[in-house]
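Asker: Chain by chain, the residues run as shown.
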Amino acid sequence: MSTAPEAGTWAHFIETFFRPDLIDQYAGAIGDGVIVTCEIALLVVVCGLALGMALAIVRAYRITALSLIIVGVVDLLRSLPPLVIILLMYFGLPTVGLTLSGFFVLWLVLTLVLAAFAEEIFWAGILSVRKGQWEAARSTGLGFNQCLIYVVVPQAIRMTVAPLTNRTIAITKNTALGTVIGVGEILNEASTAQSFSGSATPLMMGAIAYILLFIPVVIVGRWIETRFQWRRA
Amino acid sequence: MAAILEARGLWKSFGDFDALKGVDFTLNTGELVFVIGPSGSGKSTMLRCFNRLEEPTEGSVMFDGVNLMDRSVDINLMRRRLGMVFQQFNLYPHLTARDNVTLALRKVLGKARAEANEIAEAMLDRVGLGDKADSHPGELSGGQQQRVAIARALALEPTVMLFDEPTSALDPELVGSVLQVMQQLREAGMTMVVVSHEMRFARAAADRVIFMADGQILEEGTPEKIFESPEHARTREFMQEIGQ
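Protein chains in written order, with the numbering used here: chain A, 1 to 233; chain B, 1001 to 1244.
By construction, these hints were calculated from the structure, which means they are not laboratory data.
All residues carry an ideal CB built from backbone N, CA and C; glycine is no exception.
Misleading hints may appear alongside valid ones.
Which bits of chain A does chain B cover? Going by a derived footprint, with three or more residues having C-beta under 8 Å, they are [unchecked claim]:
{"no.": "1", "region": "127-136"}
{"no.": "2", "region": "149-159"}
Taking lysine-lysine and the DSSO-like style, the derived pairs with C-alpha atoms no more than 27 Å apart in a straight line are [to be verified]:
{"no.": "3", "chain 1": "B", "residue 1": "Lys1225", "chain 2": "A", "residue 2": "Lys131"}
{"no.": "4", "chain 1": "B", "residue 1": "Lys1021", "chain 2": "B", "residue 2": "Lys1225"}
{"no.": "5", "chain 1": "B", "residue 1": "Lys1132", "chain 2": "A", "residue 2": "Lys131"}
{"no.": "6", "chain 1": "B", "residue 1": "Lys1132", "chain 2": "B", "residue 2": "Lys1111"}
Some chain A residues close to chain B (C-beta under 7 Å, calculated; not the full set) [stated by the list, open to error]:
{"no.": "7", "residue": "Leu76"}
{"no.": "8", "residue": "Ser139"}
{"no.": "9", "residue": "Gly143"}
{"no.": "10", "residue": "Ser195"}
{"no.": "11", "residue": "Ser197"}
{"no.": "12", "residue": "Gly198"}
The shape of chain B in the complex, shown without the other chains (with noise of 0.2 Å):
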């Protein structure tokens, strides 16, 4: 498999606080890598170097062989291709659900409404809304919302997705439609990174699960090894934590 995405020796600092110290991480094609934690452990952080919402101190990025620091580099064309999911989803309130998912297409691709509509309504349809396009994110409950947002992304065609802790703004029963629209992109072969504390699935769709604390990964793994047989004493700590 080849890595698309690698980053080497990603350093963070905010101010006196070290986010992420030195951490090494691939990413192969078609490959689903989940990130788990203790809160403040850094992944949120490391997902969001990635595509540079966060400027990373120290450290390299690259992403299809192209090296996403170099200075001339074109960050909001890379960035259409490193599809992004966030914990609050982040919809534009004051547009449509489709308008949501127009936008990058028509500004950032240049894309002429009704082809760009056209590709909205697919979208949508893909991730079972296809009848909210014209409701305003006011509108919609908060699983419907993440949808609406995966769907934003996924307009873009992107090479790989990241989900920033997707389903933890969210009421436990909604979270299983989102999850649902996640496990579906993994059966269509979609490259993913992960952070999140869904562990059921987890088990079920991760390829590798990578345990992160102090701004380090400490561990790395199949889901089995990681949940069943730990190696390192803060792995096996927040295991019991989070009842696994």
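Bound-form chain A, shown alone (with noise of 0.2 Å):
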């Protein structure tokens, strides 16, 4: 009496997530996906984090009226849900005549959510240097600048690499919301072959694409945090 009803739940499970003949079906579609999230995870892992850079090193010079806005616009992007943003600029823009792609879009909106994100942590990791390595720096005749590229944001930056590479795998998750807006990443060609077969078995393919794909990515940042670790002097 017990056996056959989990031989059933067994493969009442196999048909639900993972049939062989729609896999087959749908690999190419996936596989596109994750071609189109891997371009837009790149694209706003490398600008958002050299805007998040700039923007803490502007702040640095301690221009009141530029440091308001940069606090302002990044406290702004912090609070609002990426997926917001992302409806606001793509469905409200064309009504004043602005018609972005929404690949576009998706990597504009996630590139500044990364940006405003990323501008805290390495405004708290230029804070966390120690004023007397400003001070050591100056004493040798190295001027302001000379002293924030070459003392200090290299400091900064090893300080802050665990937060940042997480924040970063988080923001670059969100490519899944560019399904919203039409782009084809993986999500998106996903819950449309799920839409067309009726099956979750191309969602649970989406699923094990992300995994395959944000896995490494989790290592590496692991080996970034250690390789940067130094005994602090």
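Quick one: dock chain against chain with the hints and give me the complex.
Answerer: Put into structure tokens, the structure is as follows:
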């Protein structure tokens, strides 16, 4: 009485999540999604981190007006759900005559959101470099810019690698939001396939694609963290 | 002897607190001046006003005939001629000992990396750390770190060296190596101002000892005079407290 239903349950599970014929059928589409996700993720990580770093460095000059603007925009971007900004841009802007592609909107919004978080993290890193470091550098005749570039920022980066890696992974996973504005990334391809097939198999394929994609990123992140550790003087 | 560094009426306020209250100080070329006094007396603040790491509220600092308070003076150019050594060493933790020394050589003096490396290795040799050029500060003892910091300042061929409590953060057994390097500098004729409580070193090496309290210079003279027969009651009190 107990074995038969179990076998049935197991078969039902396979039928729902791992149907071989559907895996075969949609592997190509999901593969295309993986490429799109990789493209956006890479662009977002590079541009977001660069912009965040640039904004943190601008703040180091302590020009009140500029700092206030940066803090204001950053706080706005950190408090709004990225999905809200994506929808506003994609569906709102065309009504004022500005139509942007889904790919561009997704890239822009995620870049800005990552930049906002990265700016805060970098800024905390810059602040945590001891005052003595500035003083030692200045006492040897280095100017403010040189001190920032050669002494403070390299230390700030090393101190912030861990939180930065986590945040970067979190934001990059938000590429899945592209599905609501028709960007052909993994989740979009998977849910389209799910609608057509009526099976959860493509969604499971999508989930596995994300795991295959992000596990290496998590591992590389951990490697970077240990690589950048150095005994503080 | 010609005055190389001359401060007049130095005043420094931090909010309501006056750390320096009109200090006059003259340093002659080749001289080693020791500055002693209770903590909070303004010793370090005075030293840091000499290269404008601390901006004096009032007063003037003449260095080698140049008024450092003059807005048209390139303070970065002057600072490299006023070598400074800090209590906490302040080595750059992300750079090797060699690169700690070469950074300003390359970025301030514009030397090529190869030439800067040569100078750095010679300087590290001079402080007895020729074999530690590739070590990061975290791999060095406090005494070794402080000697790298001295090499970093020396590499820029300063006219004057300012030492801000260079041995206060060191374990007792590491103090000797740093004092030894300072003694060598002294013998090589380096002009130095040393804020420190290493009285034995002061007796042996100082030309002049200055006693500061409450942001003022209360007394100055030869080590014998200050240590054996101080005139001021505050100086005598201080000498008793530190067991001299």
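Asker: Going straight from one Cα to the other, do Lys1021 (chain B) and Lys1225 (chain B) come out at no more than 27 Å?
Answerer: Given pair Lys1021 (chain B), Lys1225 (chain B) holds - Cα atoms ~24 Å apart, limit 27 Å.
Asker: Does the region 149-159 of chain A contain three or more residues whose Cβ lies closer than 8 Å to a Cβ of chain B?
Answerer: Satisfied; 5 residues make the cut.
Asker: Identify whether the interface hint at Ser195 (chain A) stands, where standing means a beta carbon of chain B within less than 7 Å of its own.
Answerer: This hint is violated: Ser195 (chain A) lies away from chain B, its Cβ roughly 52 Å from the closest one there, beyond 7 Å.
Asker: Quick one, is the Ser139 (chain A) hint okay against chain B at 7 Å, beta carbons?
Answerer: 4 Å, holds
Asker: Interface hint check: Ser197 (chain A), Cβ to nearest Cβ on chain B, cutoff 7 Å. Holds or violated?
Answerer: For Ser197 (chain A), the interface hint is violated, since the closest Cβ of chain B sits about 54 Å away, which is over 7 Å.
Asker: Within a Cα-Cα threshold of 27 Å, do Lys1225 (chain B) and Lys131 (chain A) meet the stated pairing?
Answerer: Since the Cα atoms of Lys1225 (chain B) and Lys131 (chain A) sit roughly 38 Å apart, the hinted pair is violated (cutoff 27 Å).
Asker: Below or equal to 27 Å on CA atoms is what counts here, so check Lys1132 (chain B) against Lys131 (chain A).
Answerer: Satisfied, since the Cα-Cα distance of roughly 26 Å is no more than 27 Å.
Asker: When the nearest CB of chain B is found for Gly198 (chain A), is that gap smaller than 7 Å?
Answerer: Violated: closest Cβ of chain B sits about 57 Å from Gly198 (chain A), beyond 7 Å.
Asker: If you draw a straight line from the CA of Lys1132 (chain B) to the CA of Lys1111 (chain B), is it 27 Å or shorter?
Answerer: 22 Å, holds
Asker: Can you take a look at whether the region 127-136 of chain A is actually covered by chain B? Rule is 3+ residues, C-beta closer than 8 Å.
Answerer: This one holds; 5 residues, not fewer than the three required, reach chain B with a Cβ under 8 Å.
Asker: Does the closest beta carbon of chain B sit nearer than 7 Å to the beta carbon of Leu76 (chain A)?
Answerer: 34 Å, violated
Asker: Close enough to count: is the Cβ of Gly143 (chain A) nearer than 7 Å to one in chain B?
Answerer: 5 Å, holds
In summary, the structure is inconsistent with hints 3, 7, 10, 11 and 12 from the numbered list given earlier, while agreeing with the others.
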